[in-house]
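Protein chains: 2
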Amino acid sequence: MKHYNVAVVGATGAVGEEMVRILEERSFPINHLSLLASHRSAGREYYFKNEKIEVLELKDDSFQGIDIALFSGGDEVSKHYAPLAVQAGTVVIDNGKYYRMDPDVPLIIPEVNPEDIKKHKGIIANPNCSTTQMVVALKPIYDAVGIKNVICATYQSVSGTGKEAIEELREQTRAFLEGDNIDIKVYPHQIAFNILPQIGSFDETGYSSEEIKMLDETRKILNDNNINVSATTVRVPVFRAHAEDIHIETKKEITPALARELLDKFPGIKVIDQPDVGKYPLSLMAEGKDEVFVGRVRRDLVFNPGLAMWVVSDNLLKGAALNTIQIAELLIK
Amino acid sequence: MKHYNVAVVGATGAVGEEMVRILEERSFPINHLSLLASHRSAGREYYFKNEKIEVLELKDDSFQGIDIALFSGGDEVSKHYAPLAVQAGTVVIDNGKYYRMDPDVPLIIPEVNPEDIKKHKGIIANPNCSTTQMVVALKPIYDAVGIKNVICATYQSVSGTGKEAIEELREQTRAFLEGDNIDIKVYPHQIAFNILPQIGSFDETGYSSEEIKMLDETRKILNDNNINVSATTVRVPVFRAHAEDIHIETKKEITPALARELLDKFPGIKVIDQPDVGKYPLSLMAEGKDEVFVGRVRRDLVFNPGLAMWVVSDNLLKGAALNTIQIAELLIK
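These protein sequence lines are chains C and P, in that order. If you count by this note's numbering, then the first sequence holds residues 1 to 333, one letter each, in order. If you count by this note's numbering, then the second sequence holds residues 1 to 333, one letter each, in order.
Please keep in mind that the hints were generated in silico from the structure rather than gathered at the bench. Hints are not guaranteed to be accurate.
The list treats identical chains as one, so a pair stands whether inside a single copy or across any two.
Stated by the list, open to error - Straight-line C-alpha distance at most 20 Å; calculated EDC-like pairs for lysine to aspartate or glutamate: (1) LYS148 / GLU249; (2) LYS279 / ASP183; (3) LYS279 / ASP203; (4) LYS118 / ASP224; (5) LYS121 / GLU329; (6) LYS2 / GLU25; (7) LYS185 / ASP276; (8) LYS279 / GLU204; (9) LYS148 / ASP216; (10) LYS251 / ASP143; (11) LYS265 / GLU111; (12) LYS252 / ASP290; (13) LYS185 / ASP203; (14) LYS119 / ASP104; (15) LYS119 / GLU329.
Based on the sequences and whatever the hints tell you, model everything.
Written out as structure tokens, the structure is:
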């Protein structure tokens, strides 16, 4: 079996650390692992398979001899370094948004559109966290009866923003309980015990960049420019996992029972749906788990035919690091 | 000006305490104020207009001489005591759900359907908190262009459940930060740093009682059985104020600009809608405020014609105590 030289770019971030952990957990066939980060984070040490690896500063020539680079370093890093990596013969799998809508870059969820990976020209993109878990849950229904319209409200955890946001929620919460002044640094408003209807920046139509991603990326992944997604993306005071309320207008009738059955059979989905005994997906339940959890599957009261459901997944795992590594697994298959 | 003998039933609860405060704040014309509660809470003392009032135990004969009784004591209390009060000549305004769908009981939001109050036969009902703020925000759009369908996801604070839930969120949060065991008493799952897609109990269709209320009560208040409301009601770790993501299919076209203008003119609504500079309604902003705050007004991407918007209000005030007292003001007008 071939083994690969793999680099993680942005290795010290919340997603980068999960990538390193998952590469080990899933026994990705690695010959050599390079951990790359900014000058500020270089020198830190991580353990990988009991071996200590020092984080190196990301430079223009960092990709010599690297087969696969997993990027999670932000837009500017992707913009500058991904083309350099491709020139060096590396295949880049980018967790960021910079290349997602590039027509030359496939946007991949391995369970949903694996065949699109063949079109890659050196860069493959990983979808946005809130898109991935939604599209995984839509796909079995889409295949069975078709989908015309989706309305989605999100309940997104702070870890999607990064380590500094996790610390901000914790510190603001402590300050609130102890009656101290509350410092606001990462988000535009206090996040502790508050709800912020903003993720990303707003365009002139009043939609946020996160909301537009959910429309554009869903269309690209499903190869269907007729599907509409109207999303409201919202930050909530939760550390990890995103929850989503999803209302679906299907093309043909489907019963909730059949939808549950198709969802449960689909790779990567776990159905938890006995609300009468308090069993439904929860943010806390999804933390650290690979699955997309689906519950509260019911007939929609507006869309007919249609369904409503509640979808929860760990935004750092299936929403980011796990899906990136599943793309790498698909690539080498 | 006539002054009234007023009783507050459930005076020591989260809503009851707000009722007493608002009666004073709005200078409701009171001759005598009776504070009534269970045997357990009797004997507590509250100040009303600098006068100390002792809470009395609620009994079958508590309503002799009472003109108006504001009930917020739970279903069993309403069921037993409201008819006794009516027999004693008292007009009951009930904050609970027990009488809301009774055809003999008007369900009133004073800004929305004041004329319905004339039909009362001794009992008037106050709508559910999540319904009230939604219907206030729908009404100016409904009047201008008609509404066919509404899809709503809620972000509801723990204070809607009562004082013990406020304490549970605070205590679980403290325990989480300090690494202590987390006690779960009020909710079926941990609420601190978690999201619960359950409010009330579930029926066989998979909808919760709170979600069904949002459909049934909206139809009753708007006197329109053709409007559909598909809701997902969700508890979030916030102390006070409910937020709602609302997608509206209108009958005729309306621009977001006109909708904002009509909303801002409507009594009780404040529009905050400059998302590009971080201005939109927040749970924390609504705490202790009378208004229904509306923002993020935009064209919906699924409903055409349609709008999406974000609506926040204090669930204990416009969602409960304030609306109850506004009904009383309408009654005596």
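* Violated hints - listed by number, lowest first -> The structure conflicts with hints 12 and 13, although it agrees with all the remaining ones.
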